[in-house]
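Trainee: The primary structure of each chain is shown beneath.
2 protein chains.
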Amino acid sequence: MHVVTILCLVCSWIKLGESVCYRSPNACPQTEKDFLNVHIVPHSHDDVGWLKTVEQYYYGTNNSIQNAAVQYTYDSVLEELWKDSEKKFVSVEMEFFSHWWKEQTSHVKRKVHKVVERGQLEFVGGGWCMNDEATASYVDIIDQMTMGLKFLNDTFGECAAPKAVWQIDPFGHSKEQASIFAQMGFEYLFLGRIDYQDKALRMSNGEMEMMWDASDSLGTEIFTGVLYNTYGPPPGFCFDVLCGDETIVDDPDSPMFNIDRRSKQLVAYILEQSKHYRTNNIILTMGEDFHYQYAHAWYKNLDKLIKYINKVYFNSQIRLFYSTPSCYGQAVKNALVEALPRKTDDFFPYASDPHAYWTGYFTSRPTFKGLVRQTSNLLQACKQIQAVTVRRRSNVLNQFQRSQAIAQHHDAVTGTAKQHVNNDYIVRLDQGIRGCSGVFSESFNHLLSLNGSTLNQEYCAMLNISQCQTTEQNSPFIVTLYNPLAFRSSHTVRIPVTDGSYAVTDHEGRLVASQMVPIAEAVLLLPGRNSNATNELIFRAEDLPPLGLRSYHVKTPEGKPGKRMLRSRPRTIQLPNKEDILVSAYGLSLKFDRQTGHLVQIGNESVQQQLLFYPAMAGNNSRFEFRASGAYIFRPNGTDALPLEQPATKLTTIFGPVTTEIRQHINTNTMQIFRLHRDESFIELDWILGPIPIEDGIGKEYISRFTAPEIRNNGTFFTDSNGREMLQRQLNHRLTYKVNVTEPTAGNFYPVNSFAYVEDKSTRSRMTVLNDRAQGVSSLLPGSLEFMIHRRLLHDDAFGVGEALNETAYGVGLAARGSHWLGVENSRSVARFLAQRMARSPILTFSPTALSAEEFRKSYRMEVALLNRDLPPNVNLLTLEPWDDQGRILVRFEHFFGVGEDEQFSQPASISLKGLFATLNIWTVEEVNLSSNRPIKILDTDELVLKPMEIRTLILSTYQ
Amino acid sequence: MHVVTILCLVCSWIKLGESVCYRSPNACPQTEKDFLNVHIVPHSHDDVGWLKTVEQYYYGTNNSIQNAAVQYTYDSVLEELWKDSEKKFVSVEMEFFSHWWKEQTSHVKRKVHKVVERGQLEFVGGGWCMNDEATASYVDIIDQMTMGLKFLNDTFGECAAPKAVWQIDPFGHSKEQASIFAQMGFEYLFLGRIDYQDKALRMSNGEMEMMWDASDSLGTEIFTGVLYNTYGPPPGFCFDVLCGDETIVDDPDSPMFNIDRRSKQLVAYILEQSKHYRTNNIILTMGEDFHYQYAHAWYKNLDKLIKYINKVYFNSQIRLFYSTPSCYGQAVKNALVEALPRKTDDFFPYASDPHAYWTGYFTSRPTFKGLVRQTSNLLQACKQIQAVTVRRRSNVLNQFQRSQAIAQHHDAVTGTAKQHVNNDYIVRLDQGIRGCSGVFSESFNHLLSLNGSTLNQEYCAMLNISQCQTTEQNSPFIVTLYNPLAFRSSHTVRIPVTDGSYAVTDHEGRLVASQMVPIAEAVLLLPGRNSNATNELIFRAEDLPPLGLRSYHVKTPEGKPGKRMLRSRPRTIQLPNKEDILVSAYGLSLKFDRQTGHLVQIGNESVQQQLLFYPAMAGNNSRFEFRASGAYIFRPNGTDALPLEQPATKLTTIFGPVTTEIRQHINTNTMQIFRLHRDESFIELDWILGPIPIEDGIGKEYISRFTAPEIRNNGTFFTDSNGREMLQRQLNHRLTYKVNVTEPTAGNFYPVNSFAYVEDKSTRSRMTVLNDRAQGVSSLLPGSLEFMIHRRLLHDDAFGVGEALNETAYGVGLAARGSHWLGVENSRSVARFLAQRMARSPILTFSPTALSAEEFRKSYRMEVALLNRDLPPNVNLLTLEPWDDQGRILVRFEHFFGVGEDEQFSQPASISLKGLFATLNIWTVEEVNLSSNRPIKILDTDELVLKPMEIRTLILSTYQ
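Residue numbers (the UniProt record's numbering), protein chains in the order written: chain A, 1 to 960; chain B, 1 to 960.
If we strip away everything but chain A, and leave its shape as in the complex, we get (with noise of 0.2 Å):
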């Protein structure tokens, strides 16, 4: 008998680490028919960043900017919770929990396992942060959540899988967001901010519960509530070190005896809040930003009102009891006793007051969003290296994925964190770069060298400023291209080399046709450009395989260059011309006014293009009427954008086999590149803006303007979710509220990450323009879209970050470089695809090499697909990923069209497993749900079909 209880013990010691918790099944507390049950819900809110980097939160240094130090917060409520089982308290954000877990002995692990059990610490949400919902792509809102669940799962098991979800501090609520959360098992949706007109109607309306059809293709719903205090306490029962509330002393003899009075406060506020209610649940959240730091001060005070309030208030059939967000769901749930109101649209854009709306953070820091979409890019090419390579995770990619999961903070991809911590957040997804640099350079080797011979493979992070360092310093080179997409594609590739003439030739030996184009100058003045580099050279990949690699060989020829090898000559036309210029390339033409330079006419349609800006408010925000615009809020002073100061001065034209480009020169530190391509079918238009000037003392926000005058789109744009499902636009209107918009311009700006079009209903005929990074977007002219790309204010807006959004780089302000894709075709269609491509660019490296192209082909494969066979056309590989040490690949699919987007691609699209990855001996598949902390079941059939939007997670084991 000895023997076994001691082998039991070390059993339930080894099994620590694994998923040995179950959740006690009266975890929540019982609520009462007759009674007003008031769920008290003890919180943190801990930003991933903010005003502090994330480590300063987590350890509470530079607590001189904001005292918090989240390590004391995990500390003392466990102690709290574990001297006390009715108490409970809410875990959010994995990042800090995990941070916390690694810190622990055994013995305190071991306490947090029980508290977990019983109920006592509930895990809500449990992404790595609590991530934006404006800015952020999908696919990097999937990422941080699944790794923040999976850490979940892997120490705690499927009892602490979160029922609930609260997007407490967002800046309004995506509804694609509302729809994973829905495919990823949550019941409970909570939310913190919404329009203050919404949130009075739904008041006044009962409406403050409703349930959400968050996604029109695939029918997900989810149960939504919107909190009646944001996410804090109610005013004057705040009992945290951060706040001066009157404590609670019950003591009679004490002259500050207070508890009568405060509990009367307390109950009148209650009853006042259950008014606007559906059923005899409310919720009372405990908690502000980097609260429970001592823990004890808030629970030793809401101790003595739930004690006090129960009896006092028996009679009045008022109950008090330490609840969970999931407890305070299921309660509000089983009470209901009629339908909930629906909702379809989501919650943007969200205002705070009259003259508050927060559509500048769509916006905001133009360069870290940019760099946010690379990683973005970068990562999941990485990860699909490491899947189809060493089908392990390494700890470059557990790096690269916490860094670009805490960039999709709800303070970091906003471009709303102090400029300290955006350098914080930039020095992790540059480790993260350096660290996949490394990954790719090892894989591309293992994959293309056939005599053991490696070469150094460059990432160059920097291509979007004309920089490479060995292209720039090295003849030969290779340029190695993955396609991180599931089917074939094609890029035309722009390398930074000094002047010259270069001999591209492809993996078969062929020549390829290349043309040297001059760097624009104002890319040359780019400050902090450290770069030899003169022309990029031009060429273009051709049907690259699907999660395929491909060389190419980059010599300067001896003798003349051939005559494959273009020099383009830029021909540059002075402004205002005698008439308006016409270029034509590839069956595309593109006309420019005389006057201004300006796009006017695409082939025979108007299209006019044009950039302009507001002039920010200034403020002192001592009123609403006094906000200033800032990194939050979008208040432009006036309404109508104003042209730049001076229009174009002149166009340079430079034609070529490849690519045609009209470069339009604003001014030294503003132009804009026009490029068609040879076999594409939209025109690409960089922007090169700033500093933006503010000698005048005046912040500016500067949008790029599209504009279709024969579309009549009557006030309607559409801009997609997240990246993925389309929402229909009306200016000056709410869905579901009737909406006073008192900032005409601000209030009618839109998230967009993929694409915004306007469309003529009577015609069809449809504007769509994509862009490379989170934008703001509106329509405020008929037939027009414009998205803001740039802003420089010189005043805080008084949401809390305590600094002017006026970023600098190199002592000026700050310049931005971005693309648009116009799209020129009608189809429907074109738009996704090109989305696909935009966010799904080849990665390039970049290698010096001694040999000619013949003797490199001997040394080297030149072209390998891991993808066997291209995926269906409508059918995106979200994710390929190693899951674990032990072969398992995490496989997502996703039907990337909408029902009714397309007669034949919204068609359900059918996926055969069999073979397809080139390097994955598959074991067994195991389908998940969406962030893959739950099973669904083992697939017995290689078959996978896929509805519109649809995308189904898989778990392959795999051998070698």
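Read the hints as simulated data drawn from the structure, not as lab findings.
Every residue, glycine too, gets a C-beta built ideally from N, C-alpha and C.
One or more of the hints may lead you astray.
Derived Cβ-Cβ restraints for the label pairs, each shown as a range [as the list claims (entries may be wrong)]: (1) A:ASP260 with B:PRO527: 33 to 39 Å; (2) A:ALA200 with B:GLN431: 47 to 53 Å; (3) A:ASP640 with B:PHE626: 50 to 56 Å.
Put chain B on the given structure of chain A with help from the hints.
Mentor: Just chain B, lined up with the frame of chain A:
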């Protein structure tokens, strides 16, 4: 066996309230001979009121003023101590600890017993507060220390009796305080604040530790150490929620890893500190004001440092450990190899920088300081009465004693708390007054009533502004005087009455000589005075018995006033007068200057008196030189006191059989009243002053300067130490160090609580002035004594209180009234006797009666003595109070002459207890130490001998 076990358990439960605690023999950490032993002492300095009231500090309300909640300190420290037996904490102020203790469950109390036993929670000082040393009377100091130590003794038994005391915040240190501590059995005294020049010299001479000869008469001594950094932690190592210092990160994987660098910093500090101390032991005081509310942050970071440094610096022979003041003191004592330097004077005045002499607080809030003296006397009388009647403590007594103890705090009686806090102190004392007023009423009736009929005895707290409801509205009425002195004493009684005439009949039915004097106009006009009284009825109460009660019957006579009822006729002399004004009465004569009205001569001796003022320095405190005069700091603008704007306008003389007054009218707000009393050898001088004018934007500090130009004192003068032993002061000189007095006026002020004098060594002639409340005094001019009497300032002095000391009442600047007694006799003993009479003046109560004097004598005893005989004239009955509910009585006898002060009275005094107390039957007499928490012996004799300045403390067991 089982039964026994159960009984045993019950026993230990029952015993919890008693003294079952023992102190672990290894309560102190082991020190190492070859190591530098670094005693890390976690502590919180909890002001018993300062910026917030005591209760606000305890509960943590009003946190916008200061984030402080002592309840959480004890909550969270206990948790930490309980989890780790290495950890220590220091508890100092019993006001807070006892409050917390009262609120704890028996479960928590058991834990506390345990951590006390283990030496983890050490009580240091253990008084009710950390009393001020400049402005508190020894009577109140002994009481407040006794109260705290009694609580500890009752709660934890002897094991918790502190051996160490630290006065870490008071602004200078008195010799009497050190002597009291020594007499209370303290072994180690640590000081936070000493003069910056003194400290610098001690640092360089290795004299931070010393032996303090604390009493010239008693030869007491106490080990005294000066702390290195006041009471704060090494700069940069403050880990409280209230600090912003960089937390310790010991995770080498963290980008914020810093323990290596941070340890280096701390070790450098430790090595520097150790240079200035005599042994291989140093103390790091790890705490500040109201720290450890959330103890975990402090301990977590200290834990990391201790662990890391002990490991990494082991070879450098540095060892850190948690310790306590007594463990540190013991370690130092054990490690000392040579005799300590000795200290014989005190630590006044305290300067923290060249322009910050903390001598303003000696006088700040003069009316509050006056109240504290008034309540001190009242409380002693109240205790006496309860001791000899009910022989039990009452709630009234407990409340009053607590209020009086709180008032001794170093931001209370000092006048350096915020106004709202000072109001709280006053409310508490007022409750005490009201409570004891009831006690007097009840006890006097009990003692005096012959037939069971009772009087409603009113205690008139406002006699100082000549206001008393009973005497104004009734005739006849009874005046009852209680003499709290242990010897016969006479008193001039002044009673506010409306116009008319009154017959005063004494206890033996004799008509007593009385006079009616009009109340001075400046008094009648005092803001807030609410009285119909226009006159004062004055008569002489001769030879009140020791601890004796005597009643007088007062009524408006029918018919004409009798011969013994004089109506004094004021005579006004306009100034300037033709000649000097000479006033003679009862053998004394005063001469006033015909121009200025100033006193210029007493008898044949030139003695001048004048009110003057110092204009206060205004400043923004941004640098030492810009320091403003404030609540703490006295900093005149210039060195010379200025005369009042205009001299006196007139003198009024009022002659009478009992008292003769000379009223010096200066302006509406300012006057002085010189009083000669029949059969008295002193001149009473009332000053009435305020609102102090500030219309010129300049704060002002008023002094009353007495000058006897014939006394050649050579810059020497004498002041009492907390009202007991005298100290010699020398202008611009300190006994133990060479001083550069950079503020020639403020730097020569010293506290005076009882009296000061100047003396001519050759002629032995002396001028003595007694004061009725704590004040600052100096002797800047030959033969002079100047008392600062009132201050009104317009700037804060930037030592934390954050308010200018600009007291107002009834919408105008505060008016104050006080007295000095100017000794005329040259006898060296007279001041001692007068001081006793001033501190322990009779308590007056008033009752309306319908009875005639004769009828009254039949119903009431009109004289009762509670002592059966006088004590010897040099012995004071310092304490007589109920000690518990079992009839035990605490008694202290005090010899109030120092060695060599007087030929006769400095001789030892002998007392017999036998039959001394009229109402007490004494069973046993136990002698205890001064604080009554350590027994000395059971006395087997009735005779008690007191050496000069000796206090003997007894606990009498009595029965009825």
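Trainee: Now look at each hint and say whether the structure bears it out.
Mentor: A quick look at each hint next to the structure:
{"no.": "1", "hint": "A:ASP260 with B:PRO527: 33 to 39 Å", "result": "36 Å, holds"}
{"no.": "2", "hint": "A:ALA200 with B:GLN431: 47 to 53 Å", "result": "50 Å, holds"}
{"no.": "3", "hint": "A:ASP640 with B:PHE626: 50 to 56 Å", "result": "54 Å, holds"}
Violation of the numbered hints given earlier is absent; every hint is satisfied by the structure.
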